[in-house]
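K.L.:
Given next are the chains, with one letter for each unit.
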Amino acid sequence: MSATPLLELRGIDKSFGPVQVLRDVDFSVNPGEVTALVGDNGAGKSTLVKCVSGIYSADGGQVLFEGRPVQIHNPRDAASLGIEVVYQDLALCDNLDIVQNMFLGREKRRGLVLDEPTMEQMAAETLAGLSVRTVKSLRQHVSSLSGGQRQTVAIAKAVLWNSRLVILDEPTAALGVAQTAQVLELVRRLADNGLAVVLISHNMNDVFAVSDQIAMLYLGQMVAQLRTSDVTHAQVVELITAGRSGGLGLAGENGNGKRDTPPTETTSAGADR
Amino acid sequence: MSAAPPTTVVPPVEVPAAPVPTVGSHLRDYWARVRGGDMGALPAVLGLIALCVVFTALRPNFMTEGNFANLFTQGAAVVLIAMGLVFVLLLGEIDLSAGFASGVCAAVLAQLVTLQGYPWWVAVAAAIVTGVVIGLVIGFLVAKVGIPSFVVTLAAFLAFQGVVLLLIKGGTNVSIRDEVLVAIANRNMPPWLGWALTLLGVAGYALVQLLRHRNRSALGLVTEPLAVVLIRIGALAVLAGTAVYLLNLERSRNVLVSLKGVPIVVPIIVILLVVLTFVLQRTAYGRHVYAVGGNREAARRAGINVDRIRISVFVICSSMAAIGGIVAASRGTSVDANTGGSKVLLYAVGAAVIGGTSLFGGKGRIVDAVLGGAVIAVIDNGMGLLGRSSGFTFVVTGLVLLLAASVDALSRRRAAATGNR
Ligand SMILES: Nc1ncnc2c1ncn2[C@@H]1O[C@H](COP(=O)(O)OP(=O)(O)OP(=O)(O)O)[C@@H](O)[C@H]1O
Ligand SMILES: [Mg+2]
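Taken in order, these protein sequences are the chains called S and P.
In this text, residue positions in the first sequence follow the working numbering: the first is 1, and each later residue adds one.
In this text, residue positions in the second sequence follow the working numbering: the first is 1, and each later residue adds one.
It should be emphasised that the hints constitute simulated quantities derived from the structure, not laboratory data.
It is possible that some hints are incorrect.
Stated by the list, open to error - EDC-like, lysine to aspartate or glutamate: derived pairs with alpha carbons at most 20 Å apart:
hint	chain 1	residue 1	chain 2	residue 2
1	S	Lys-136	P	Glu-224
2	P	Lys-260	P	Asp-29
3	S	Lys-136	P	Asp-29
Claimed, not checked - From chain S, some residues computed to sit far from chain P (all C-beta separations above 12 Å):
hint	residue
4	Asp-40
5	Val-63
6	Glu-170
7	Gln-182
8	Thr-228
Stated by the list, open to error - Covered by chain S, according to a simulated footprint, are these stretches of chain P (three or more residues, beta-carbon under 8 Å):
hint	region
9	215 to 227
10	279 to 290
11	301 to 307
Keep in mind the model is a prediction, meaning the values are calculated, not measured.
Backbone N, C-alpha and C define an ideal beta-carbon position, used for all residues, glycine too.
Bound conformation, chain P alone:
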């Protein structure tokens, strides 16, 4: 503020001559953006609803409490990896090795906790450090040596497959028995804790949103209408409340053991979602990630250390892959040569792209990974219920990914035509 422009402000600030926004104008703006090619999460949300309707019609047991909970634990690992991939995709790069990087980190975990008998937290820390190191190496090769990320990570994809085999000594299967590790993807929180955390989360969101609204209005800046803010808060409350309510229903068929509550992995995902979103949207680092993805030369001239940004996104991606690997190991209660393999990577890339993150860089959000991950999880789960072969599931998933990528490419063209992005 001290750095006032060296210019004489002639009339009082009348620059943003935009009219005061109302709920109506807000909706119109949104619709104009969608038509202009900036669809954001809309396709994913619509797709999710459509898929749920179709699967429920075909298989009524798709909508049971038990299956609802399954969706979360099945999709968790992919969502976590996809969250990290968003950073890489924002720069217009790709990390094809994220799947097997999660496998390597899971193998490190299994090796330490099962074969060497270390406590769980040592193994977890080691797995994450492994992820960081992998990211540093990939990032260095891409940013400093100048090899295209596609090639570096394709090589890593092959190599890591071998590393997993070496770490778990051939084709064996190392089981995970540590109580804490198994709990991550297989145990639930007590219902009251689920409610308490939901309340805390919604209240926190409301507080942040309302404070920002008040702050901006106090400064006389153009703000969203209060009604829009309240609607958003309300929508979150309803959505979270419904999910927690459903997850807190009894889903055990067995009268002797009770099975209810929010899976422990859910708050882990939510916390990472909040933290990473904060990093991308509210910090200078996040701003610079978008800038480098949008126009690398402009970012360089603005004094941003482009190489450091490029390396850092690979570190974040591989670290998130490590966390995904830990969750996958927990869910399978074992690690084998296939952990993080086969469809994991494609599902993760698919999740990010379906959610609305662009493959061309510069556009995307962390929540995309969650929404897109939900679409993928629903397809995978629904196809399973339909008794379709995995061959069929692959084909459908591949088509959905292709569809999402086409939407991305087409909306980009449309945006270019309408000058929106």
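Bound-form chain S, shown alone:
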């Protein structure tokens, strides 16, 4: 395990108007590891991801990539650092085939003309590298794929670009048991191949099955980031729902949403919604 994390967030704040969604969030991700990001609905997981991927800009705090501070203003900045996101709601075009989707927006060309053979080869290699063998043809429309296969394509699309950090926002939310297992296996393989992986999930079994670390968000605050082997299932659930568990979690009076960090002009009720 390397000493410096690949991605490190320090004191990230983010508000939407009067509602403060992220409050002083610290978070780090190591290469070769799956870091699970968990929290209740509305805890701010997707928002945190969008701050990293350049869709939102954080109001305050620092983003370090390989220990160097970086500014991420838009998705292209993130992509050039090697950060790729597989979004909660799939971002594939049904009317395009697998290859076309994997290269969407970053097509290979020769002069003016699309270089289809090269794209098809690269797509085939990437899928092979992920040991994906379930798709029949690379030229079939994405609409004809199962949920798991679509998710696989979305993940392969993220891996295609020499990416170093892949963030998956609930990649198994809509999947059945077998397909979930398939995708989780793929997630594990990404990390084993040396990538840093962030996995957002509500399913504790999945989280414990594949993650090396677990980071828990509670009402926009980072409660704790711990090694998976150091916590139990019950502790994580308690940290997610109450913000603290025994000696772990938010320091402060009680676990009922009151915290020691004085909120800015917003009330904690604002973040509750």
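Chain S is fixed; fit chain P with the ligands onto it per the hints.
P.N.:
Structure of chain P with the ligands alone, referenced to chain S:
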């Protein structure tokens, strides 16, 4: 290629474990696609054949050389406008103003060339620039201001009707006498030129297809069987050859003047067909048009500038409408308040949809406009020969459009059910 995936490729590439396709498997795949709701141009082709059979049975002079040539010049303007509409329809938008936009551009042409005495090429350039500007304005209102395209272009539909009237000063009729402009839709190429261009076109198509086939096989990618490629090339050669042969027959009833050859407007349509198809199928821009039509949010996240794509399709549509307007003006050798009016727009939308372009966006090709345009031209022409009133023709055309839209909607449902699209 340098950007190899950061993963260890364990076994040699064995991903597309699809069997090597044969002619048989190719046909089966095609049939499976059709049954799955992806019918493409099949309904248009079948409809075209059926219509020709019916009209020939009812009116033997439907199949004369003279009438065959008429079909091309009659349908040309609608086909050109429909080609532009395909881009707009691909995004799931609509341009109801395309017909009168062509009228406005034709009026600009007439105004400059007839009333102001400018040379033809200045007038043509001005007409096309007018089309580009119209498209920019519509596109801006749709993409940046956020008004639904249906409303923007409905307003433009009304306004352009007025603009045509203003440009040609009331109800008068401005005639076009410039030799070059009149020639576009009324003169023919010498027979040898028709053959030469056909040969060139078929050879070019064969070259591109065979090169692609060789390229893909050399790289070890799944390819169509060579036989399928050869059959496609052969089919094109036969089709084009027959058409040129028929058009090169003498069709003058008058012994003193000869009338034969491919109408000049035909190569214009073919060139635009090739260019626009290339843009849609082979360039990143075309890919992005499909992507925005398929899933706008996905396209945005992929870093595609969605607004620019949306504006650009309206520009292409209005520019093609301008070209259609020029051809219409040439064919009528005049421009009046009705140029681009009445049925032109509906015919053009009908052409695209009948050809297989979806009204729901994301699916369609330029050749759809040509095939569907042929269906429309045959109906219009055949009804005329049958001596049916224009009221009757309208009703039939309306029904055909409705039929095409139903096929579109139903095949979409079927595709959703079978998970094909
Ligand atoms: N664009 C926005 N404008 C205003 N508020 C927002 C916006 N996006 C998110 N929020 C709010 O921020 C909070 C966190 O949302 P976020 O989507 O990050 O939650 P999440 O942890 O991803 O939840 P889930 O598990 O349901 O996906 C919620 O209270 C939500 O209402
Ligand atoms: Mg979320």
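K.L.:
Does each hint hold? Answer for all of them.
P.N.:
Hints versus structure:
1. As the CA atoms of Lys-136 (chain S) and Glu-224 (chain P) are separated by approximately 16 Å, the hinted pair is consistent with the 20 Å bound.
2. The suggested pairing of Lys-260 (chain P) with Asp-29 (chain P) is violated, with an alpha-carbon distance near 42 Å, which exceeds 20 Å.
3. Taking the CA atoms of Lys-136 (chain S) and Asp-29 (chain P), the gap is about 13 Å. The hint holds against a cut of 20 Å.
4. The Cβ of Asp-40 (chain S) lies farther than 12 Å from every Cβ of chain P, with a closest approach of about 25 Å, so its non-interface assignment holds.
5. Once the 12 Å rule is applied to beta carbons, Val-63 (chain S) is consistent with being away from chain P; the minimum gap is 20 Å.
6. Every beta carbon of chain P lies more than 12 Å from that of Glu-170 (chain S), the smallest distance being close to 16 Å; the non-interface claim holds.
7. Every CB of chain P is more than 12 Å from the CB of Gln-182 (chain S) (nearest about 15 Å), matching its label as outside the interface.
8. The Cβ of Thr-228 (chain S) lies farther than 12 Å from every Cβ of chain P, with a closest approach of about 24 Å, so its non-interface assignment holds.
9. Given a C-beta distance limit of less than 8 Å, the hint that chain S covers the region 215 to 227 of chain P holds, as 5 residues qualify and 3 suffice.
10. Against chain S, the region 279 to 290 of chain P contributes 6 residues with a C-beta closer than 8 Å to a partner C-beta. That satisfies the three-residue criterion, and the hint holds.
11. Three residues within the 8 Å Cβ limit are the bar, and the region 301 to 307 of chain P against chain S gives 4, so the coverage statement holds.
Of the numbered hints stated above, the single one contradicted by the structure is hint 2.
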